[in-house]
Amino acid sequence: MLVIEILNTREVMRKRIGRLGDRLVGRVLDHETEVEKAVIQELETAFKSFGIEANILSVEGMELTVNRLEVPLKLRERRQVIPPEI
Numbered sequence: 029m030l031v032i033e034i035l036n037t038r039e040v041m042r043k044r045i046g047r048l049g050d051r052l053v054g055r056v057l058d059h060e061t062e063v064e065k066a067v068i069q070e071l072e073t074a075f076k077s078f079g080i081e082a083n084i085l086s087v088e089g090m091e092l093t094v095n096r097l098e099v100p101l102k103l104r105e106r107r108q109v110i111p112p113e114i
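Residue numbers (my numbering): 29 to 114.
What the hints contain is simulated information worked out from the structure, not anything from laboratory work.
Straight-line distance between alpha carbons at most 30 angstroms, and here's what the computed BS3-like set of lysine-lysine pairs gives:
#	residue 1	residue 2
1	Lys102	Lys76
2	Lys65	Lys76
3	Lys65	Lys102
4	Lys43	Lys76
5	Lys65	Lys43
6	Lys102	Lys43
Please model the entire structure based on the sequences and the hints provided.
If you want it as structure tokens, here you go:
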């Protein structure tokens, strides 16, 4: 199992939408959710090309500390990836 914590979601959104759009980040757009959606899409594409079957989960409220991962799961999105048969 993999856990990926994206640390710079605000900076990623700032690069994608520019400085003017940066004013909207946090007010209108949720930068974490938007970056997660983009990463999920890229993972799905990559997994399919490698023939990997997977469940990709976007969850809210996880806390990652030095020695512990606290996971009060509130599922935002679930996508099952099944590659096409070759």
